Amino acid sequence: MMEKVISGNDAVALAVKLSRVKVTGIYPITPQTYIIESLSEMKDRGELETEIIRVESEHSAMAATFGAAAAGVRAYTATASQGLLYMHEMVWWVAGSRIPVVMTVGTRAVGPPWNIWNEHTDFMSERDSGWIMAFASTPQEAMDLSIMAFRITEDERVFLPMMVGMDGFILSHTKTRVYVPSQEEVDSYLPPRRQPYVLDPEDPIAMGNMFSPEDYMKLRESIHRAQIASKEVIVEAGKEYMKRVVPIGSYSTLNESYKLEDADYAVVVMGAWSLDAMQAVDELRKEWLKVGVYRIRFVRPWAEEEVVKALKDKSVLVLDRSVSFGRGGQLYTEVKASLPDADIKGVITGLGGVSIGKNEMKAIIRKFVERPQGIEWFYPKEVGKIELRSPRYIK
Amino acid sequence: MSLGVRDILNKHKLMPGTSACPGCPENIAMRIISTALGENAVFVVVAGCSSVIQGMGPNSAYNYPILNVAFAAGPAAASGIAAAMRTKGKNVKAVVWAGDGGTADIGMASLSGAAERNEDILYICVDNEAYMNTGGQRSGSTPIGASTTTTPSGKRHNKKNIPFIMMAHRVPYVATASVGYPHDLMEKIKKAKEIRGFSYVQVLCPDPYGWMFEPSKTAEVAKLAVQTCYWPLFEYENGVLRISDECLHCLDKRTRKPIEEFLKIQGRFKHVDQQKIKELEEYVDEMWEKLRLMYKGNLKL
Ligand code: SF4
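Residue numbers (UniProt numbering), protein chains in the order written: chain P, 1 to 395; chain L, 1 to 301.
These are calculated hints, taken from the structure and not from any lab test.
None of the values given here were measured: they were computed from a predicted structure.
Note that the Cβ used here is the ideal one computed from N, Cα and C, for glycine as well.
You may find that some hints are simply not true.
Unchecked claim - Residues from chain P shown here face chain L by an in silico Cβ test under 10 angstroms; the list is partial:
#1 62
#2 63
#3 199
#4 215
#5 225
#6 229
#7 247
Claimed, not checked - Think about it this way: if two alpha-carbon atoms lie no more than 16 angstroms apart in a straight line, the pair counts; the simulated EDC-like pairs of lysine to aspartate or glutamate are:
#8 L:88 to P:200
#9 L:88 to P:262
#10 P:243 to P:185
#11 L:88 to P:202
#12 P:309 to P:236
#13 L:160 to L:246
#14 L:13 to P:262
#15 L:90 to P:185
#16 L:257 to L:246
#17 L:90 to P:262
#18 L:257 to L:237
#19 L:90 to P:202
#20 L:264 to L:220
#21 L:13 to P:202
Said to hold, decoys possible - Chain L side only, calculated, beta carbon under 10 angstroms to chain P, not exhaustive:
#22 58
#23 69
#24 82
#25 110
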């Protein structure tokens, strides 16, 4: 293990290398581009054993990655925003085939209008696809979760693909201190590739042809059961990771609690701004406000038991960086479903790169504590009315 | 060793239990092609009739490892398989099996990308000139004048010439074939299998249901398409065009059979008027003029 000052994208690229990925289908999209550039540079320098397929679209990036994984090797890709939406069909195809694949989503707003900055809507739009879905809060965690992902997805209790979300620019481009494991450490952690079936002329099987309605439904149920079973696998993989690879982090649970034990109020967040929330909580505690943070690390599987245990008996505020239009924040609806009778409010903010830091967090939490109703969409700055038509100069 | 037609049909990897219609040209193509391909291949089957013809999972009538994929995913998925096989040190050909809809329309970008990268894959387009699996709607590969369920009074635009598009990619091997000429098809597949790099073979597959003819006449229609020069048989290898013997007569317009013979044996051209026939003939003439120039070495795509 060694310390390096690197960006989230660098950290993920190193994770791909250390996990001895054999094939990666790549297509550029901001803000993950730097991952695939970095892999290409490593390849050119002869440091990477991965075969890189430079495809012509994200749909093909996922298809190529899927083809390689179906043929029996560790396969990886990365995407964001429009790209994830463009590959949506193949994202489902991979999970439905129960083939382990790992993908990074450098999260970004979805158009129109064009917006390259961060939010979580792209990532959250894959909630029901069958993938395991983790979200990092630091470059360190982006790397750790990416390595763990291979172990989790290739466990026979799981055999599902996994995506790791990472806030675009905030994590993908910001450099910070990261503990990078050695090749030996990762080798000792990752067993050889395993998957339910392999394309092999010596044992010709057909994958994905027509199923009877009953068999199809059974397969859907098996994905659901595998998601639930994966909770145990994730915790095992996390503990083992802290033991063998990087001895820091808090991977013995799916999600993470911060100063929650004695708190009256809990703020639920996911991703990079969890750290802003923690700082805000530290300062608010000095003002005798008993508030803590609950950080969602896994959206799928949903850590029902952990969520209930951490949040019951508290006033809960869920901050969403994504929205289900006409319904509200997506994390909000998830948390509410786990605790239907609890006092839970949701705030949507930070969409499309709206900047939310420690001070904005403090303002939101204060408002919540003082006036529990009445805040749903939070803008840190004054915003005017949106003109849907371009304003024209009329005499 | 030369095989008789009966030998060809018996030495295949197509097992009983397919759910193809009687007279299905794709089944005929699979029998011939698998005989030529042999064992070391993985098939990527793109959405289309063949997704169904294999029969109900977990069984399969295609005795190959098969990856069924979404419409636009074939060439990319095969690229991934080829890469994986390379890293495993296995000599296995990744073969894409797609219809004309998957090729000319929705899969074009992915096909073009794989060709540009010169992926070591074999792409086979079984061209029945419409979306037959969904009930016979027009595709980019439907010829002008043909009636389909979405062009009931006849298609207004010409067939997209995919072999020409593929030749323009300058890939190592492009060929056309017809299920009416099994030996020719076999030879081409054998050659394509040995190519290191991208190869493309488009097989005309007359479809009794969409084209509206008796299921017993599939081979006859497939032959007529070639004899009337509607469908050319050629191969393009490293920039050199070879016209197959079966249609050398097409190089000269005077020795071609009239196209009407091909049109009147099917129901889909029943309502076609003289104007459309003329336009179809112009398309055929223009195609042959280009092929003639390439054949003489005076044109390179
Ligand atoms: S519609 Fe045509 S190609 Fe499809 S299965 Fe029937 S005969 Fe074969």
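Structure-based check of each hint:
no.: 1; hint: 62; in the structure: 8 angstroms, holds
no.: 2; hint: 63; in the structure: 4 angstroms, holds
no.: 3; hint: 199; in the structure: 4 angstroms, holds
no.: 4; hint: 215; in the structure: 7 angstroms, holds
no.: 5; hint: 225; in the structure: 19 angstroms, violated
no.: 6; hint: 229; in the structure: 22 angstroms, violated
no.: 7; hint: 247; in the structure: 32 angstroms, violated
no.: 8; hint: L:88 to P:200; in the structure: 11 angstroms, holds
no.: 9; hint: L:88 to P:262; in the structure: 55 angstroms, violated
no.: 10; hint: P:243 to P:185; in the structure: 10 angstroms, holds
no.: 11; hint: L:88 to P:202; in the structure: 14 angstroms, holds
no.: 12; hint: P:309 to P:236; in the structure: 20 angstroms, violated
no.: 13; hint: L:160 to L:246; in the structure: 23 angstroms, violated
no.: 14; hint: L:13 to P:262; in the structure: 69 angstroms, violated
no.: 15; hint: L:90 to P:185; in the structure: 29 angstroms, violated
no.: 16; hint: L:257 to L:246; in the structure: 13 angstroms, holds
no.: 17; hint: L:90 to P:262; in the structure: 60 angstroms, violated
no.: 18; hint: L:257 to L:237; in the structure: 28 angstroms, violated
no.: 19; hint: L:90 to P:202; in the structure: 11 angstroms, holds
no.: 20; hint: L:264 to L:220; in the structure: 13 angstroms, holds
no.: 21; hint: L:13 to P:202; in the structure: 14 angstroms, holds
no.: 22; hint: 58; in the structure: 7 angstroms, holds
no.: 23; hint: 69; in the structure: 7 angstroms, holds
no.: 24; hint: 82; in the structure: 8 angstroms, holds
no.: 25; hint: 110; in the structure: 5 angstroms, holds
Violation of the numbered hints given earlier is confined to hints 5, 6, 7, 9, 12, 13, 14, 15, 17 and 18; the remaining hints are satisfied by the structure.
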